[in-house]
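*Asks:* The primary structure of each chain is shown beneath.
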Amino acid sequence: MAGSGIAHLRADEKRALTVENLVVEFPVTGGVVHAVSDLSIDVLPGETLGILGESGCGKSSAGRALMQLPAPTSGRVLLGDAELTALKKNDMRRARAKMQMIMQDPVSALNPRRKVKDLVAEGLEVWGFEGKDRAKFVDDLLSSVGLDPAVVRDRRPHELSGGQCQRVCIARSLALDPDVLICDEPVSSLDVSVQAQVLNLLEETRERYDLSMIFIAHDVAVVKNISDRVMVMYLGKTCEVIPSDDMQNKALHPYTRLLLASVPSAADAQARAAGEATAEAPVKDVELPSPLNPPSGCRFRTRCPLATEQCAAEEPVLREMRPGQFVACHNVSA
Amino acid sequence: MTSESKSPILVVENLRTVFHTPRGDVRAVDGVSFELRPGETLGLVGESGSGKSVLGRTVMGLISNDARTTVTGKVTLGGVDVHGVKRAVRRKLWGTEVAMVFQDPMTSLNPVKRIGTHLTETLRFHLRCTRKEAEERAVELLTQVGIPEPKRRMRQYPHEMSGGMRQRVVIAMALACDPRLLIADEPTTALDVTVQKQILDLLGNLTTERDMATVLVSHDLGAVAGRTDRVQVMYAGRTVEQGRTSEVFAAPTHPYTDALLASIPQIENAPHSLLRAIEGNPPDMANPPGGCRFAPRCGYADTTCTSDLPLLQPLAGPGRSVACHHPLLAGAAPVGSEHTHGR
Amino acid sequence: MLRQFVLRVLELLAVLLLVSFGVFALLSLVPGDPAVAVLGEGREPSEYAALRDEMGLNDPFFTRYFDWFGGVLHGDLGSSLIPPVVPVWDRLVAAMPVSLELAGLGLLIALVVSVPLAMWSAYNEGGRIDRAIGAFTFGLLSLPSFLVGLVLIAVLVNSMGWFPRTGWVRITDDFGGNLSHVFLPALTIALMEMAMFTRILRNDLVTTLNEDFILAARAKGMPPLRIMVSDALRPSSFSLVTILGLSIGRLVGSTVIVEYLFSLPGMGRLVIEAASTGNYPMVQGAVLLIAVVYVLSSALIDLSYGYLDPRTRRARA
Chain A
0 MAGSGIAHLR ADEKRALTVE NLVVEFPVTG GVVHAVSDLS IDVLPGETLG ILGESGCGKS
60 SAGRALMQLP APTSGRVLLG DAELTALKKN DMRRARAKMQ MIMQDPVSAL NPRRKVKDLV
120 AEGLEVWGFE GKDRAKFVDD LLSSVGLDPA VVRDRRPHEL SGGQCQRVCI ARSLALDPDV
180 LICDEPVSSL DVSVQAQVLN LLEETRERYD LSMIFIAHDV AVVKNISDRV MVMYLGKTCE
240 VIPSDDMQNK ALHPYTRLLL ASVPSAADAQ ARAAGEATAE APVKDVELPS PLNPPSGCRF
300 RTRCPLATEQ CAAEEPVLRE MRPGQFVACH NVSA
Chain B
0 MTSESKSPIL VVENLRTVFH TPRGDVRAVD GVSFELRPGE TLGLVGESGS GKSVLGRTVM
60 GLISNDARTT VTGKVTLGGV DVHGVKRAVR RKLWGTEVAM VFQDPMTSLN PVKRIGTHLT
120 ETLRFHLRCT RKEAEERAVE LLTQVGIPEP KRRMRQYPHE MSGGMRQRVV IAMALACDPR
180 LLIADEPTTA LDVTVQKQIL DLLGNLTTER DMATVLVSHD LGAVAGRTDR VQVMYAGRTV
240 EQGRTSEVFA APTHPYTDAL LASIPQIENA PHSLLRAIEG NPPDMANPPG GCRFAPRCGY
300 ADTTCTSDLP LLQPLAGPGR SVACHHPLLA GAAPVGSEHT HGR
Chain C
0 MLRQFVLRVL ELLAVLLLVS FGVFALLSLV PGDPAVAVLG EGREPSEYAA LRDEMGLNDP
60 FFTRYFDWFG GVLHGDLGSS LIPPVVPVWD RLVAAMPVSL ELAGLGLLIA LVVSVPLAMW
120 SAYNEGGRID RAIGAFTFGL LSLPSFLVGL VLIAVLVNSM GWFPRTGWVR ITDDFGGNLS
180 HVFLPALTIA LMEMAMFTRI LRNDLVTTLN EDFILAARAK GMPPLRIMVS DALRPSSFSL
240 VTILGLSIGR LVGSTVIVEY LFSLPGMGRL VIEAASTGNY PMVQGAVLLI AVVYVLSSAL
300 IDLSYGYLDP RTRRARA
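Note that the protein sequences, when read in sequence, are chains A, B and C.
Oh and the first sequence: position 326 is 325 in numbering that gives the first Met the number 0, straight run, nothing missing.
Oh and the second sequence: position 55 is 54 in numbering that gives the first Met the number 0, straight run, nothing missing.
Oh and the third sequence: position 25 is 24 in numbering that gives the first Met the number 0, straight run, nothing missing.
Since the hints were derived computationally from the structure, they do not count as laboratory data.
Any given hint could turn out to be false.
[Said to hold, decoys possible] Label pairs and their in silico Cβ distance ranges:
id	chain 1	residue 1	chain 2	residue 2	range
1	C	Thr311	B	Gly77	39 to 49 angstroms
2	C	Glu10	A	Val31	19 to 29 angstroms
3	C	Leu11	B	Gly77	52 to 62 angstroms
4	A	Leu68	B	Asn64	42 to 52 angstroms
5	C	Thr241	B	Glu267	47 to 57 angstroms
[As the list claims (entries may be wrong)] Just a few of them, taken from the derived set where beta-carbon distance is under 10 angstroms, the chain B residues facing chain C:
id	residue
6	Arg67
7	Val97
8	Asp103
9	Pro110
10	Val111
11	Arg113
12	Thr116
13	His117
14	Glu120
15	Val169
16	Ala175
[Claimed, not checked] Some chain B residues judged to face chain C by a derived CB distance under 10 angstroms, without partners named:
id	residue
17	Leu61
18	Arg90
19	Ala98
20	Val100
21	Met105
22	Lys112
23	Pro157
24	His158
25	Glu159
26	Met172
27	Cys176
On a predicted model such as this, the values are computed, not experimentally measured, just so you know.
Even glycine gets a Cβ: it sits at the ideal position worked out from N, Cα and C.
Using the sequences and the accompanying hints, generate a full structural model.
*Replies:* And the structure:
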C-alpha cells in the first residue's frame, strides 16, 4: 500500500471535487503525526466515493482537511473550479458552504440548547436567506429527511433519538444547497435498524439533490453498498481504488483482502460448526505502526503477508490493474 | 452435541430487572429465561435498549436489588442462587465462577495501574498465592491470549497498548481464576475490523479448550452468527425468538429478527441497493407500548398485537421458540397490515 | 528525563527571581518613610535625610535592588529596623516553623478526615449519608474561618478548658505541650479546607465509580473498600491535588487570621506587625520566604500529577 500517485484521477472529466497531494500533519510533543500523506481524490458530479479504513488510517483527518477544518498542511483542494486552498478566508468560507459535512456522533454535532428549526436554519442565518418563507423552507427540509416538522420543529436535540438527530444533521447540511456532502462515519453510532434508515435516506438525498458524496467508514459492507468507487486507506496512504462492484471478488491489495476476510461470513460460521478449528491468527505484530513514525516504503509492510525487501525500500505507486482499479503494491498483478 | 448431556452451569428463570427512575419504572429486562451448559455459547442479540447488557449484568449479579433496582426471578450459577445470597457470597463467585469481558478495552482497564497489577491482584486475592507465583501465572495467561513479549507487557500501562492488545488483557484478566462462565458484553464493538475477528477467534478457542460456557452479548448479528451455538434475540427487554443460531438466522420466524437481518448491508448487495429498514425507533423503555413491544414498527401487526403481549411458543427444532402472534412460518402467508381483524 | 528536570529547575529559579523583584519593587512603592520608622516621629528633617542616605535609600532603584538581592543570596536579609534590632533571618527562622506546622497539620487533619468522608459519601451516592455529608460540608464552607475559631475557643477552651487559649510551646521543648497549643488553630484551618476537599473528592469519586474499570474490578470479585482505595482513589484525586496546591496560597491568608486569633508567634503575625510599623526589611524577607515556600510546594504538586496519572508522564522513546 500504502502508496501515493495520481494514476486514478480522471483528468478529462468535469469534477465536483478534486484533491491533489493532500498532506495533513499535526505537531505533537515528541514529533509529527503523519495523519494523511499525499492523498489524491476526485469525485464526479453525482458520484459517491467511499473511503474505507480502520481507526488511525487518516480517513477522518482527510475529511476534515477537505473542509479546511483545519486547512491541510499542503496539497490542493478544488471544489468545482474554486481552489479552496488558495482562497482568502472569507471567500473560502463562502465557497465551503457548497461542501457540507455529516459527523459520526449526531447528538454532539448539534447545539443542545437550540431548537431543531433553528439548527436547520443556522446556515441560512449566516448566509442570508433569499426566499419568502423561511419557516416553510425549514419544514420542507425536515419533511424531506423523513421527519414530521410539526412534531420535531420545536424540540431540542436531547428530545430526539440518535437516528432523528442524524436526520436533523442531514437537513441542516442540505439547507445551503451543497454540491458535495462529506459523511464521516455517519451511521457507526446508530442502532442496526436505524442505520439502514439513514443509509437509505442518504442514498435518496444524493439522487434527489444531485449531490456528490464522500462516504467515510470502516464497515466494508456499508461502504460497498453506498459507493460507486471505494478508496482503501491505511496509515494516511492509499492502498487501492476500486469500483465498488468489484470490491468483493476482484480486490487485489493485501490490505483490502485482509479487510474483506475480516467480515464475519456464513462460510466462516460453517467451518466452525463443522468443528474445524479456525487457526489462531498469528499475532504477528498486530499493532498498528505509529503514525508518528510510519514504516519506510510501503506503510503496510509490517503486517503484510507478501512483504519483501523492496517494500521497505521503495514506496509503491498506484498502478492501473484493470479499468478503474488502481493498486499501490509491488507484489500483486492483475 | 455433547454439551447437552452435561448439567447446566447457568439457569435463568423468569428474570426481571426494573430500574426505578425519576421518569418512572424502566423494565430493562422483562421476564427472560434460559439455560447454559459447559462448552456452550449463547448469543444475546439486540439493539440498544433491548436489555441485553443489563441482562448480562443481572445474571452475574453486578446488578442486584438496591434502592433503585428491583430484580425478581432466579439466577442459579453453579448451584448458587445469585440474587438469594449475601453480597459477600455473591462476590466470591465473581472472577472464580463467572467473569466478564467488557465492551471498551480503553475504559475497562484502570489507567493508573500496570498491566501486571491488573492480573496479579486478581490472582493473589482469589488464589491467595505469592507475588512470584501470581506473576508467573500472569505471564502464562498473557501468552495464552496471544500477547507477544508478555514479560515486557506486564510493566506497561494500558495507554501504551493498542485496543486489540488491551482487549486480550481484559480477557486474560477474566480467565485468571478459571471461571466456568464467561459473559462477553460487546467484546469487539470498540475494536477495528481486522482485530474483531482475532478477538472472536480467541474467545471461541478459549471456550472450547476450557470447556467454559460463554454468553456473547452483541448487536452485531454477523459476529453472533458465526460464533454461537444458540441465540436469543431480544427486543425491549423481552426474548422475541430463540433457538439454534444456524436455524434462527437461516429462517427467522419473528418479524423483528427477519427485519433486523434484512436491514444489515451485505457485501453481496449491488451498489446503491436500498436496504429494508425498520421504520421508527426502539421504544422508550420507561413507557413501552402495550401488547407486543414491536407492534408499532411491525408490518404484520394487527389489533391483537397492540393489545395482547405474545408469549414464547415452542416451534419445531431444538429449543426453538418465538413470541409472536403471527410468526413467519414457512408456507404460512404473512398477515398483511391491511388484513386487519375486527376493525 | 534529565533535560526535563533541568528545564523545570531553571523555570523555578526564574519564577523565584521574578518574585524577589516583585517583592522588592512593591514595598518601595508603599508609602511610609523607613527613617521615620527607625527614629520615630518629631525629629529634624535633616536627621531623617542623613539616615536615609546612610541606609542607601537615595540610591537608584536597581542599585538598591541588587544590594538587597546580593545579601539575600548570602542569606542576609538585612536587619529589623525596629528594636529589638536583630537580623531579619533570625526572626523568620523563629516564626516560620510555627506557621508551617500550623498549615501542615491543618492540611493533614483536613485530608485525614475528608478522604474517608468523601469515600463514604461517594459509596452511598444519592443516599441519606451522602446528603448528610453534603449538607455538613456545605454548612462549613459558608462559615468564615475566624468564626469557626471563635466557636472552638468558646466551647473547647472557655467552657471545657481542654486546651490552652493562646501561646506557643516549641515542638523541640515539649511535644505534648506543642500539640495542645497547635491543635485548635490547626483544627480551625482544617475545618475550612476539609469541607472543600470532601466535596471535590466526593464528586470526582462518583464520576470514577461509574467508570468501566470499576465495574471490571467489581466483576473480578474485589471487595468494595479495596476497589475504593486501590482503584478509585488515585484516578479521582486530580482535582483534589489541584485544590490542595491552590489552598497553600489561601492558607497564607487564613494562617494570618488564625495566628492572630490564637496569638501564635507565626509568620502571619510577624508580617502584620512589621507592615504596620513600617519595618520594611522584615516584610520583604517574610514575603520572599512565603513566596519561596509557595513556589516550591506548587512545583511538588505539579510533580505529583506524574505519579497520579502515568499518561501525563513523557513516553519513553
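*Asks:* None of the hints should be skipped; say for each whether it holds.
*Replies:* Hints, verified against the model:
no.: 1; hint: C:Thr311 x B:Gly77: 39 to 49 angstroms; in the structure: holds, 43 angstroms
no.: 2; hint: C:Glu10 x A:Val31: 19 to 29 angstroms; in the structure: holds, 25 angstroms
no.: 3; hint: C:Leu11 x B:Gly77: 52 to 62 angstroms; in the structure: holds, 60 angstroms
no.: 4; hint: A:Leu68 x B:Asn64: 42 to 52 angstroms; in the structure: holds, 50 angstroms
no.: 5; hint: C:Thr241 x B:Glu267: 47 to 57 angstroms; in the structure: holds, 56 angstroms
no.: 6; hint: Arg67; in the structure: holds, 8 angstroms
no.: 7; hint: Val97; in the structure: holds, 8 angstroms
no.: 8; hint: Asp103; in the structure: holds, 6 angstroms
no.: 9; hint: Pro110; in the structure: holds, 6 angstroms
no.: 10; hint: Val111; in the structure: holds, 5 angstroms
no.: 11; hint: Arg113; in the structure: holds, 8 angstroms
no.: 12; hint: Thr116; in the structure: holds, 9 angstroms
no.: 13; hint: His117; in the structure: holds, 9 angstroms
no.: 14; hint: Glu120; in the structure: holds, 7 angstroms
no.: 15; hint: Val169; in the structure: holds, 7 angstroms
no.: 16; hint: Ala175; in the structure: holds, 8 angstroms
no.: 17; hint: Leu61; in the structure: holds, 6 angstroms
no.: 18; hint: Arg90; in the structure: holds, 5 angstroms
no.: 19; hint: Ala98; in the structure: holds, 7 angstroms
no.: 20; hint: Val100; in the structure: holds, 9 angstroms
no.: 21; hint: Met105; in the structure: holds, 9 angstroms
no.: 22; hint: Lys112; in the structure: holds, 8 angstroms
no.: 23; hint: Pro157; in the structure: holds, 9 angstroms
no.: 24; hint: His158; in the structure: holds, 5 angstroms
no.: 25; hint: Glu159; in the structure: holds, 8 angstroms
no.: 26; hint: Met172; in the structure: holds, 7 angstroms
no.: 27; hint: Cys176; in the structure: holds, 8 angstroms
Violated hints for the displayed structure: none, as all numbered hints are satisfied.
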